[in-house]
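Peer 1: Chains as they are written, first to last, in the numbering used here: chain A, 1 to 106; chain B, 1 to 481; chain C, 1 to 485; chain D, 1 to 165; chain E, 1 to 632.
Hints should not be assumed to be uniformly reliable.
As the list claims (entries may be wrong) - Straight-line C-alpha distance at most 30 angstroms; calculated BS3-like pairs for lysine-lysine: (1) Lys-162/D with Lys-46/C; (2) Lys-158/B with Lys-571/E; (3) Lys-158/E with Lys-444/B; (4) Lys-28/E with Lys-422/B; (5) Lys-582/E with Lys-571/E; (6) Lys-364/C with Lys-105/A; (7) Lys-447/C with Lys-103/A; (8) Lys-416/C with Lys-266/B; (9) Lys-447/C with Lys-105/A; (10) Lys-530/E with Lys-362/E; (11) Lys-428/B with Lys-362/E; (12) Lys-364/C with Lys-161/D; (13) Lys-530/E with Lys-549/E; (14) Lys-23/B with Lys-447/C; (15) Lys-105/A with Lys-109/D.
As the list claims (entries may be wrong) - Where chain C lies over chain B, by a calculated footprint (3+ residues, C-beta under 8 angstroms): (16) 108–121; (17) 175–186; (18) 296–307.
Derived from the structure by calculation, the hints contain no laboratory data. A quick note: this is a predicted structure, and the numbers were derived from the prediction, not measured. Quick reminder that beta carbons are idealized off the backbone N, C-alpha and C, glycines included.
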Amino acid sequence: MEQTAQLVPLNWYLLLSTFLFCTGVMGVLFRRNAIIVLMCIELMLNSVNMLLVAFSSYSGNSDGQVFVFFIMVVAAAEVAVGLALLVSIYRNLGSTDIDILNKLKW
Amino acid sequence: MMTILLLILPLLAALIVLLGGSKYASRIALGLAVAELILTGYAVNLFQTAGPEAFYVFHSWIEAPKVSFHLGLDGLSLVMVLLTNLLVPLIILSGFNRTIPNAKGYFSLILLMQFALVGVFTAMDGLLYYIFWEVALIPIYFIALRWGGENRVAITLKFFIYTLAGSLLMLFGFIMLYWYNPEQSFDIRELYTMVISEENQSWLFWMFFLAFAIKIPIVPFHTWQADTYRESPTQGTMLLSGIMLKMGTYSLIRWLLPVLPLGVAKWGQLAMILCVAGIVYASIIALKQRNLKNLLAYSSVAHVGLIAAGIFALNIQGLQGSVVQMFAHGVNVVGLFFCADIILNRTHTNEINELGGIRNLAPIFSTMFTVVVLGSIALPLTNGFIGEFLLLYGVYEYNVWLSVFAGLTIILGAAYMLRMFKKVMLGKPSSAVPEFPDLYWNEKIVLGVIVVIIFGMGIYPQPLFNLVEPVLQDILSHRML
Amino acid sequence: MEFANDFLSFNFLGALNIKDNIVNTLIYTAALGMLCLAMEILNLRKLMIPVILLGLAVIFGVNMMNWSAIDLFIFAGLDMSSMVHTDHFTVAFNGLLIFAAGLLFTMSHDFYRDEQHHLSDYMAIIVFILCGAMVLTSFSNLVMLFLGIEIVSISLYILAGSRKHDTRSNEAGLKYFLMGAFASAILLFGITLTYGATGSFEIPEIGAFAASSGMESPMFLVGALLTVFALLFKVAAVPFHFWSPDVYEGSPSLVTTLMATLVKITFFAAFYRLMSTGFMGIHDYTSDILVIVTAATMIVGNLVALRQINFKRLLAYSGIAHAGYMLLTILSINSNSSAALLFYGASYILATIGAFAVALPVFKSSGNESIEAFNGLGRKKPFMAGMLTLSMLSLAGIPPLAGFLGKYYIFSEAIKNGYVAITFLAVLASIVGVYYYFKVILAMYTKPGDETAVQPTLLYSIVMLVCVAFSLLLGVWPGGLMGLL
Amino acid sequence: MNQLIFFSLSTLTILSALSMVFSRKPMYSVLSLIFCLFTIAGHYILLNAHFLAITHVIVYAGAIMVLFLFVVMLLNLNTSSDQMKTMGFQVAAMVGAGMLFLVMLASLKSTTLGAFHFPKDNGMGLVEHVGMRLFTDYLLPFEISSILFLSAMIGAVLLAKKENK
Amino acid sequence: MTFLGLLIPILPLLGFLVNGLLGKYLPKGSAGWIGSISVLASFICVLLIFKDLQADQTIRIEIFNWIAVGDFSISFGLWLDALTMIMLMVVTGVGFLIHLYSIGYMHGDEGFTRFFTYLNLFIFFMLLLVMGSNYLMMFIGWEGVGLCSYLLIGFWYKNEPFNDAAQKAFVMNRIGDLGFLLGMFFILFHFGTLDIQAVQQLAPEMAAQGGLLMAITLLLFIGATGKSAQLPLYTWLPDAMAGPTPVSALIHAATMVTAGIYMIVRSNVLFALAPDTLTIILWVGVVTSLFAAIIGLKQNDIKKVLAYSTVSQLGLMFVALGLGAFSSGIFHLVTHAFFKALLFLGAGSVIHALHGEQDIRKMGGLRKLIPITFITFLLASLAISGVPLLSGFFSKDEILAHAFEQNKVIWIVMSISSILTAVYMFRLVFLTFFNDFRGTEETRSHIHESPWTMTYPLIVLCVLAVVGGVIGLPAIFHVSHWLNTYLAAVTEPSALLIHHGGGISHSLEIGLMSFAGIAAIVAIFLMYRKYITQNAIPESDDSMQGFTKVIYNKFYVDEFFENWIVTPAFKLSEWFGNIFDKKILDQLVNWTATTMTSGGQALRLFQGGNTGTYVLAMVIGIVVLFIIRLLI
């Protein structure tokens, strides 16, 4: 068990979640649909979560895992608020495209 | 105590006038200003007997960065305070018989200005001084903004920001001084005694010099001036030219020379050349100005340039001359601008070419105007002469050739002043001046007082010298250390 | 099993146990928020604002009692010192924030007059924001930091978008939300890396790690940098400032006021607290970045503000500029410059709220929020004009108002720590600043205005007066705040 | 063995993430995100965080993503496919994100996570342990987060509730 | 005696104050009497002092300490000595007469009171100038008289050209004054005092440091050229004739213009110790004298002729100073004061009679109409022309003798110029008083002799002009030269320094005298031929050409100044004021502001309103900061 487990170094998790994080970033930049952008942010959060869990279980203290709960809490709240905003915007503009939101500038 | 009284009275006066309502504003203001003047007279008297110790005020104000409420009144300050409190009543009086909208605001701002000026001249703590210096800017700005001429907005804003820019550099310099100072305080005594390395002084010099040069103003930092003078209401112009410019020259003596002797030693020569060049430059420009106030503005640039030159000559004659000339110029220029205002008020124009022939319509006015002009072209037995003689001598001691150039002001000054006088007052009455009622009572009083001062100082200036001699000697000797 | 008891009994214990210092202010504030909602249900809207103000007064008192408190953080019988830590910094900033909140609530009474049916929601949310702010001034654990930031931010997203039928408000809300969430993600990544490096979320341990081996651990450094970036976003520092002008402009004016004053200072307090404790050890490492950011912030903020015509947007950029000045205190963290931050924050809050207290009624009457709205105010309402003028002068940093001493204090601290060049830049920047503040003053005094009657209600007038009075007071007698910490 | 699982899971995670980013139809994005989240849950299990894995599935797949789906349906974006940004911006976005990735790697490359050994399965990831921490050390944040929820709830209602003006 | 000394300047001052302040409350015309009497009174004081003041005795009157700064102190002090007494008598005496004359001359002028106010002020300043015990006091008077001349030249201020003339006079004087001022600085700096006596005593040891004294004296001399209308600063004097004629007589002939001579004699030791300066003075005097005389030949304005003659005579005095014959200079100064004042007053009387006509081409045949004027004018002309036994004869010849003795060339040139004097004077006399009247009948009918207040001064002055020479009768008359002996105390120290030749033999002196006298008479005779027998009339302005035209236009010196100094100065002023100041200096300031705003405008464009862009910017920002962090 241990030997085999030794074979997954922590760095790989670091690498993976960094990559996921950047993927999320790219998504945020990439998409115009606010919902998708929001989802990309969720992806970023999850990459963070994964890294936290990895750290916590590799270093053997559970703070990380507890933290993950809080992140989930906040993520849920954020999503709720965000989607509510989206809905109210959709009511006014009939679209969730963020690029048409450029009345406020300069 | 006396000092605080001197400082506070104008502030209270400003409030009282503000609450007093516009109807009696001018009279209340005049009364309180005169009271302040009387108080000043008493202070002078007290100074003669008790000396500066009687005016020493010290309270610690801010602990964390040590700033103290330190007021003092030595000879130099006393002279400047005297000038201020002497001119302000005249300035207020000059506002009588004029229709001024919202008079209470106007006069209370003037008194506020007086408060700030007295503060500048009595503050003996760097930051306190700086605060007063800044505060002085606010009332004058609003005076010019609310009661000024047509295109005042841009001009006054430029004036404000330009001068403020200089001041902020000075603030920066002061903070640097604070941390260079082992005692870490702004107290003038410690600033006088502290030791700063030469390279630090040499760049700190510019922080302060720029602030003062813009305020004075020394060419080439003078471009705000003529426009501002033209656009401000007359009382504002009087405040600016009569007293506010003196803040700069006073500060040169009080702060720049003693605090940064090495910096002055290093850059003084350049400053000197700037000043002298400025004198000639401004005088030449004044030769052909078309607007009366512009002409006076440029002449004032030339005069204060000479004052600054005398200060940078770094000898007792130069300094004495500068102090006397500050006083004299303050009085004369107020007189001149008042005459300009009287003309404007009667003929509604200040364009020199449109005027003419006023003399035989208003003999009293023309006589007084003549005297003031003579004072400003430094005719012997007028106050202007004493100042310019000493200043030029100071410059001469510094460098002969510079004094020759600076001396050109005697010729050019006569040239442009007399040209102006000729075109405005002499000749046949022009179309612009169909009739020209002679002076009203308040105008008589103002100009009369000014005339008396012009001759009084010109004939017997010694008391002034005696007042400031010890201070200046001290500053000079201190530089030698 | 025993924790269950604690869990059940915490409310009473926590509420009654006077020894729990920060915690009880928190609880009272939260309770106040609940109370708002309750009053909505009990349909006592009329009383809401007075009750809140009263409550705030009480909380203020309680908070001040903590000034000389022992460092003991009992919550529900459990020692929470690993989560929160009260010190003078906390108490002072809490006091300031509560004061600001008081002013804001006073204004909101008239501001939300037309939206009575949502009043309780708004009020509750603002109170919760205050809770979050208190968390942020007292956290000693990254979890608390994160939660505090999120409470404040999420509530603000809501408030920013709270004008549902106003597309500008929607836009502001969504922009703020998206970017804010993005920033939180970055913050989290930073926290995670920090955790990975140090193995803990507790500030003291992180501090210890940073001091001992912080510079050796790249992961820690990256984490720290990301965290710093996220906080820079929250305080709207260049290049993370883009949200603030748009959001300020789009949000309802009162919310703008809230963001510009209370929230900004809160985030600065949190930022300062984090830098001065957790990341103190790697200050040299972060300062190089911060210098660049500060310079950029001051330049961009001041320059762009020159060309603004919308008052709220103008204040947004001026807020960016002021953020630049306040970053100086975070640079000069070595000498305890929190006092400077406190003083500057106070002067900034007073001036800004004062300005908005004049602006809100003007906007309401004139219907547009550009600077032209103030045209001719000097003649119509000399009192309001005077108040606004003084506030602007204070923002421009002109004596004898508090703004000047604040600037002076910050510059002085920065120079003391050897940041001469950047301070000089700050001085130059503040010269530029004067220009756009005076644009407002000029509009009031020189432009001819239409005759739309402006009638500030009593409460607005009170707020203006209080702000200006305090500005003057602090400017003349700063001893009260200066060197408090 | 573990490696194998890790690799396969990671590949799936990455692929689903990318597909979420790139698929033009919101619907597909949502679905691929859900899939991605499941794989992440798998990672959790691999990391012995069983309780967390379950919560994760419940909260995300069960709540958040449903919410997303709900909104997508509500705003009936399910059929439509949104238009993309301009080409230049897309490139900029990729470059930007890529740069970020590279920079982070560059900064992190010299990381030594030396002392971390794989923990024995000491039940750290189990519900009782986590719960214990949550209600003792983390009680205060726990309570605080309720404030967060409260205000989020108010907000959601406030914003989403339909009002006819 | 101190008290009397104080009274001397104070009385005219009182007159000034009374006239100036109370003028309009006094009965009309009383101003004239107040003025005259105040001057007369101070004249009496002068005489009283003169009576019992020994030649070598000096009285010092320290009124108060004027400027005491640092290491020097300048007192507000007066002093009286031989030289002062001479000047005082001239100033107050002639001054009184002219006051008296003015009562008649200015009668009915609207500015009657003002006129006497100024005149008294002038006397006061002139007295200060003469009595000042230090250079600064002298400078007060120096500038004061300049001011009064300004006021009086522009007395009729409604007339633009008059004002220009007045301003010109003042400004040109100021040029000289700057020289004077700098000279004072030198003295003050190196001698440590401005007290004239002290300076005179210290001078010899200062002579050691080369060039110093020369610099001082040159600067002082520049002052003198301005005040005494020498080349190149003389052009203001002819224009100064714009003033009322008594003013020309008093200020621009008798007193003020001689201030330069007085000042140099006052500090004769300094000058004696700077021989190079003396040479310069000498040549300036020579050239001026000749130059002005030539111009005088062709002038047609009666006062202009006299003006140029004044310039020429002043040149002569400077020659005397240049030769080191200080007392001779003073001698000629005195006699010149008499006859030139007389000439001007006579001219004034003529103008008065003709109601302001000044062009001699429109005069003629006045000798029967205004006999007294004619007689006095004729005698004065004879005196100035150097006809033997009249005052001018002696003073002039004394100078010529000195010239002959030291430098023959000078002697020749000066002789020519003195002959020219005779020529233009009698051209004037003949054209004015002989033949028939060339004006209109209408004017002729009004011509009448002036009232007694005008004629009496003429007569008194005429007597002085005739017999004035007695104060300096040369040795050949076997009397001691009174003036020399009287001034000995003043000129002694310098006399030792300048080696005079042993003096010339009597025979030679007689020869020179007779030559000069004959030359003058011949010149007069030639004029008689030209203007009486041939009855020539100077041609009108436009018809003249060639050298005549050049002379008539005063060698275009004024034009030269106008085109090469005044106009360029104004051009420069325009350029500075409108181009350099506004377009460059001010633009620099504004440019800074505009740069800021445009910078703001540029940065503003980043705020495009697109969320994606914002996030991208943030990401890029992070990346950049990371890179920076990695690199440093």
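Peer 1: Which constraints among the numbered hints does this structure fail? Numbers only, ascending.
Peer 2: Violated hints (numbers, rising): 15, 16 and 18; every other hint is consistent with the structure.
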